[in-house]
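Peer 1: The listed protein sequences derive, respectively, from chains A and B.
Under my numbering, the first residue of the first sequence carries the number 28, and numbering increases by one thereafter.
Under my numbering, the first residue of the second sequence carries the number 4, and numbering increases by one thereafter.
Derived by calculation from the structure, the hints in this document are not laboratory data.
Here the structure is a predicted model, which means the values were calculated and not measured.
Among the clues, some could well be false.
What the hints assert, rightly or not - No more than 30 Å apart at the CA atoms, straight line, and that leaves these computed lysine-lysine pairs for DSS-like: (1) B/Lys26 to A/Lys664; (2) A/Lys608 to A/Lys651; (3) A/Lys664 to B/Lys205.
Stated by the list, open to error - Not everything, but these chain B residues come out facing chain A in the computed CB check (under 8 Å): (4) Ser84; (5) Leu96; (6) Thr218.
By construction, the Cβ of each residue, glycine as well, lies at the ideal position given by its N, Cα and C atoms.
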Amino acid sequence: MFAGVNILSQSSFGLNGYWGLSPSFNTPLYGYESNSSNYSHVRDWGLSFIYGAEFAQKTNSNIYSISLSKTLSEHNLSARFTPGYQKEFIFNTGEAIIVEDSTSQSLTANFNYKELFGLGYSYKFSEQFSTGVTFRFFTQDFAQEIVSPVFGDTLFLIRETQNEKINYWKGDLGINYIVNEYLNFSLASINLLNFGEKAENSDFAKFEIKKEINAMLGISVIPIDEAVINFIYETTNSYQVSLNGYLSDFGFGLTLFHDEYQSPTIAGMIPTISYKGEIFELFVSGVKYFSNRKKNFGVTEFIENGINNIVNNRYSFDKLLLTVSFNINTVKERAVKMIDVEIVKDIYPTFSENYIDYPFAYGTVVNLTDEYVTVKPMARIEGVNEENIQSPISYIAPHDTVRVPFYVIIPESYSSEKVELSYADFYLFTNSDQPDDQFQKAVLLNSINSWDGRVSNLRYFIKKDLDLSMNHAKAVLSDNKSVLDTLPIALENFYKAKILFNEYVSNLVYVSDPRATGEYVQFPNQTLELRGGDCDDLSVGYSSLLESVGIQTALVDYKGNGKVRHVNLLFNTRLSPNQAKLITNNDTKYFVRESIDGKDEIWLSIEATSLTDFETAWKLGAEKFNKEAISELGIAKGIVNIIDIY
Amino acid sequence: MKRLVIYLMFTGILSAQTFTVEKVSGDVKYQNGSSENWLSLNSGSTIEDDAIISTGDNSSVVLGGSNVRFNLNESSAISVSSIKKMNTDELLLALAMEDMMNAPKEIKNSSSNTAVYGTKEGESNTLQIKTDDFGIKRLNGAVQLAKNGFQESAVVTAKETYRKYPDTKNLPSYRIYFANILNDKGLYEEALDEYVDIQKLKLTDEERAEVNEKTESIKMKLLSE
């Protein structure tokens with residue numbers, strides 16, 4: 028009957044115009060036509076209605092679509108019911124019958140094309156990249172009247188109707204890439220997947236919707252915050268250009284579309300105005316064609332041109348549409364966003380106090396709102412913390428970007444001797460139990476014996492397990508109780524230090540860095556158990572013994588000035604300078620330091636690697652300190668550092 | 004601190020040297036390195052820079068080194084290492100080091116003595132030692148360093164002596180002498196600190212007049228800067 032009709036399914040045309048990925052409004056994203064990737068900004072539930080009127084011979088009003096969207100973490104699911112997406116054609120078949128009253132009646136054919144519903148899914152891999160798929164269900168109702176002869180006593184003809192309903196699905200894939208806040212791209216297929224029924228009636232087969240595979244590419248440029256220019260091109264050679272503007276809660280859009288299957292070159296326009304409230308968006312849009320719309324036309328013309336879109340074709344009429352969308356969020360809108368996290372410190376578990384005073388990471392956080400936001404940052408390191416550790420609250424000005432510090436607490440019980448790569452989770456909370464944003468980053472977890480090479484951090488090894496050192500020191504001093512009891516109290520520190528040193532070194536050997544690396548430091552009890560260590564280990568061990576019995580110590584970091592670095596220590600005798608004669612006749616063997624309460628006290632330098640006796644260790648320590656720290660001005664030049672253990 | 008950083012850039016290496024004992028007169032002793040013993044010093048012997056030399060009453064010693072000849076008169080003591088040329092920048096570094104040596108002013112948790120042995124809790128820690136004149140000998144040695152052209156090293160030595168022998172800090176004549184060196188070197192802030200401290204001592208009228216005059220003069224200079 029008919030042949031060669033060019034009927035295609037859907038192109039990128041949308042009833043609200045083309046808004047790209049629409050950074051400010053959700054409503055345009057409910058249209059699968061230009062959003063085959065199902066991209067969505069909706070945080071939780073979204074619901075949208077499009078009601079419109081088409082100005083044909085008589086004005087027909089209809090619900091065009093009802094859409095539902097649900098976001099779950101990075102996933103978005105959507106569904107839409109599209110009762111208004113249909114186009115019906117009624118043709119005379121060219122045949123007629125003469126009925127009994129001699130009147131002639133034409134036979135007709137009725138073709139009704141419908142898109143009934145669709146489903147969408149998308150996944151957001153990152154804030155920049157997402158991909159998705161949409162499936163849409165179409166049905167085509169074909170009916171035509173024919174005359175069939177009935178043979179009996181008399182031949183007569185009867186009029187009957189041939190019907191066929193053909194259903195099919197089409198699926199398309201799309202990807203979106205948001206380069207930055209000023210530029211984004213989208214790419215999607217047209218008619219990539221098609222599956223369903225085919226017409227059995229050869230007459231109807233010619234009028235089935237065609238499914239030529241094509242693609243479309245969308246680009247949005249945001250030259251200023253209040254305006255977006257969009258362009259979408261289909262490989263069918265159709266395209267749309269639109270300009271969207273935003274002013275406070277209002278928006279406007281104007282889309283001009285070129286349709287390869289319609290004339291003139293710019294087939295029409297879609298002006299839109301919009302308003303965005305707390306939970307709803309309102310769109311009023313119109314479709315205005317620049318060519319005369321024919322209400323009656325011949326079947327020959329239909330055969331010649333066909334249609335390429337159910338709601339937008341050369342037989343479509345101007346429309347006026349009202350769209351209402353609701354964002355029903357049980358998930359609160361996030362107020363802040365974490366752009367990046369910088370780990371500024373690897374984790375050395377033994378430096379636990381250090382992490383209370385200084386952050387181990389900084390997050391770059393943006394306030395997305397027009398108001399001041401109070402942010403509660405939290406972090407948790409896998410393998411270290413069982414719960415999130417809260418960092419100090421930060422206040423962020425509207426739309427400001429700040430660096431938010433993250434702190435961590437290393438539990439006393441942490442005892443891993445392995446260096447491992449772990450990860451840290453960072454959270455930002457504003458005013459609910461749900462984080463506004465979160466971030467994950469790899470963190471190097473060192474072992475409890477790991478050291479970063481900073482002598483100032485050796486204090487953490489000295490203070491670790493101080494009870495064990497105290498028990499050892501107590502036992503040694505108890506053995507020398509008779510000596511200590513006979514001494515003036517002023518000399519107590521000096522003699523305690525001497526006794527502890529002589530006992531300490533009696534069973535030790537100096538090993539030049541047993542692990543062949545300066546990054547490993549033994550705890551005092553390990554040095555005693557292993558009976559040896561390098562200069563770090565021996566200084567740490569002796570300092571720990573002295574500190575455990577209340578004798579103040581300080582590590583001396585000889586940075587070597589390009590040569591070998593070395594560590595030894597000073598201890599406080601608590602003697603005044605006038606009492607120095609009690610311990611030495613040589614005034615170069617001691618050093619005067621002012622204490623916190625303003626008293627000058629005598630400190631002695633001890634070379635802990637001199638595993639001979641206290642006198643030798645004192646002599647060597649004094650000579651080294653005099654030469655490198657004092658005479659050569661090492662302290663003033665920063666080549667020698669004194670690090671007090673407190 | 005800013006000034007200190009700048010000075011660091013200009014700091015040279017302080018050279019150490021060995022001296023030959025050219026002439027010894029009377030009682031002259033020395034200590035080597037960290038030795039506890041005093042030994043007699045004889046002519047012709049060499050002495051390392053980590054030694055301390057001390058002269059008795061009516062005694063003296065002449066030391067010779069490369070381009071240096073040093074005469075240490077009676078009742079004096081010096082560390083051989085202090086016989087060295089320093090520039091003003093190095094002097095400032097050495098003076099700054101005095102504060103850098105001190106224990107930090109803010110302490111989170113001071114060590115607590117958790118173990119007490121014996122029964123001396125009530126005993127006084129002020130065990131008094133009879134002071135000798137070695138501190139004065141040190142200051143005499145510093146004066147001779149200055150007179151031999153080592154003014155900067157003399158000031159550093161004097162400052163160290165004040166701390167190791169606190170009684171010497173109460174001797175106005177020495178304090179004024181070394182404060183004047185700082186003043187003459189143009190180190191007005193450092194000199195002013197000294198003069199202000201000296202004003203607290205018991206001074207003769209002549210000394211007070213000198214100190215007051217120097218103090219006012221420096222204040223005027225600092226105001227005009």
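Peer 1: Now, for every hint given, state plainly whether the structure supports it.
Peer 2: Checked hints:
Taken as a hint, the B/Lys26 and A/Lys664 pair is broken in the structure, with Cα atoms around 37 Å apart against an allowance of 30 Å. In summary, the hint linking A/Lys608 to A/Lys651 is supported, as the alpha carbons are separated by about 21 Å, within the 30 Å threshold. Our distance criterion of 30 Å between C-alpha atoms is broken by A/Lys664 and B/Lys205, whose separation comes to about 37 Å. Below 8 Å, beta-carbon pairs count as interface contacts, and B/Ser84 has one with chain A at about 5 Å; its hint therefore holds.
Look at B/Leu96: its Cβ gets to within about 4 Å of chain A, closer than 8 Å, so that hint holds up. With 8 Å as the threshold, the beta carbon of B/Thr218 stays out of range of chain A, its nearest partner Cβ sitting at about 24 Å, so the hint is violated.
Consistency note: the structure conflicts with the earlier hints numbered 1, 3, 6.
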